[in-house]
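Please put together the full structure from these sequences, using the hints given.
So the sequence lines, in the order shown, correspond to chains A and B. Taking the numbering used here, I'd label the letters of the first sequence as residues 1 to 175. Taking the numbering used here, I'd label the letters of the second sequence as residues 1001 to 1290.
Some hints here could point you the wrong way.
What the hints assert, rightly or not - Selected chain A positions facing chain B (in silico; Cβ < 7 Å):
(1) R45
(2) R75
(3) L127
No wet-lab data here; the hints were simulated from the structure. Given the structure is predicted, the values throughout are model-derived calculations rather than measurements. Ideal Cβ positions, reconstructed from N, Cα and C, are used throughout, including at glycine.
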Amino acid sequence: MTDRSLFEAQVLPHLDAAYNLARWLTRDPHDAEDVVQEACVRALRYLASLREGGARAWFLTIVRHASYDWIERHRDRDGGDGVVEVAADAESEPAHIAERRGESRALAQAIAALELPFREVIVLRELEELSYKEIASVAAIPIGTVMSRLARARALLRQSPVLHAIAPRRSGGQR
Amino acid sequence: MSGVPMNCAEAVLAIGAWCDGELAGDAAAALGAHVAGCAACRAEQAALVALRDEIRAQAPRHVAPPALRARIEAELARAFASAPVDADAPAPARAASAREAAALPRLHTWWTRERRRWFAAGALAGASLAVVVGALTGVVARHWGGDDIAVAAVDSHIAATLGGHTITVASSDRHQIKPWLSARLDYAAPVVELADSPFVLAGARVDRLGGRPVATLVYRYRLHVIDVFVRPLADAGAAPAVTTVRGFTVARATGAGMEWRAVADVDASALAAFVERLASEAEAAQPAGR
Chain A
1 MTDRSLFEAQ VLPHLDAAYN LARWLTRDPH DAEDVVQEAC VRALRYLASL REGGARAWFL
61 TIVRHASYDW IERHRDRDGG DGVVEVAADA ESEPAHIAER RGESRALAQA IAALELPFRE
121 VIVLRELEEL SYKEIASVAA IPIGTVMSRL ARARALLRQS PVLHAIAPRR SGGQR
Chain B
1001 MSGVPMNCAE AVLAIGAWCD GELAGDAAAA LGAHVAGCAA CRAEQAALVA LRDEIRAQAP
1061 RHVAPPALRA RIEAELARAF ASAPVDADAP APARAASARE AAALPRLHTW WTRERRRWFA
1121 AGALAGASLA VVVGALTGVV ARHWGGDDIA VAAVDSHIAA TLGGHTITVA SSDRHQIKPW
1181 LSARLDYAAP VVELADSPFV LAGARVDRLG GRPVATLVYR YRLHVIDVFV RPLADAGAAP
1241 AVTTVRGFTV ARATGAGMEW RAVADVDASA LAAFVERLAS EAEAAQPAGR
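As structure tokens, this is what we get:
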């Protein structure tokens, strides 16, 4: 198999997963595109280290690295990790996502507001549905740390004020 | 009911794993037994399931925009363009800018393909061009002598990074790491902390390299993990100062009677300077008369 067909067969199918991870980590649609493109360049370079069956976790590992590099480079621009610009996020959302109920944005906000180590495990687990073992491999942490970070991330989400706003809205009908 | 009974603290952790489909066998049974008799943990379980369902139903899983796909396709087309790219162009100094770094895989792929063509044709001209391109990408050494240790070091680095087991003893204090290593090796590996450096000592582990256990010092450099394999010079043969194996940089230096090999996804010049500094500081820290 040539490098190109290997890349197209093994890596390209995970482009959505790559973009989703980069988008959640960088919190910006355009930066996520740049990060994924950079990750593809790196993936081509490391193609020889790709092992049978592990393409998704392998590619996401590279995407995560590229995202962290991007975050490091743009730390000053964003004024640290704590600031979330959800407004920009909402504008550029594709129609099918924007159509969802307002809760969706609240929950997205709560996740986007998590610190990076917690945000990434939640995205990898709940949105990409990776196993603990895969998350450990992608995030370069032991499985025990995957468990404790997930537990902490969930505790934070449950404490989040935006989530508390959801409950009465749902039980109270329309708004 | 089977296994050891669970208390609430254990159950709370286990509930998370259970929600994620990661709990099986005795542990799952023990959790089931605990939850059956504990209203608080039952509520916790219900809350976590609700949160999980809520996230999956409502947090957007972003889909790669068509424009991005097009960019990647274009990147691929460029990378695998059939015509050799700029074969006669003067060699840029070192890939420093992001743009040059991005061009490397293209060059490398092109070179790999060209190399095959030359070998098939038995052309000699390839050798000299290989030197030029190899100097650019740093891969030439591997194809000259087959630097097996560099390859083994990179394998070790990848296995540790992907497996999440980069560090067995986590410490930024060399006085903790050194005795830990000495207890596990038949030589005393120097451990160096660099003051005022972005390369921060994070810990160590023991790997096998060239059939023998070796000290692996782990440093962090920004968001990169760097493995530094330290072994007696007597065990090591000659090798190039900088090599690239599967996209990873391997930089080598000698000092304090040791061979120092750093492996990382880091720019070659930065890694080479780092490993040189490690070796020379170790050399300087040696007791006099040795």
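Results for each hint:
no.	hint	in the structure
1	R45	holds (4 Å)
2	R75	violated (11 Å)
3	L127	holds (5 Å)
In summary, the one numbered hint that this structure violates is 2.
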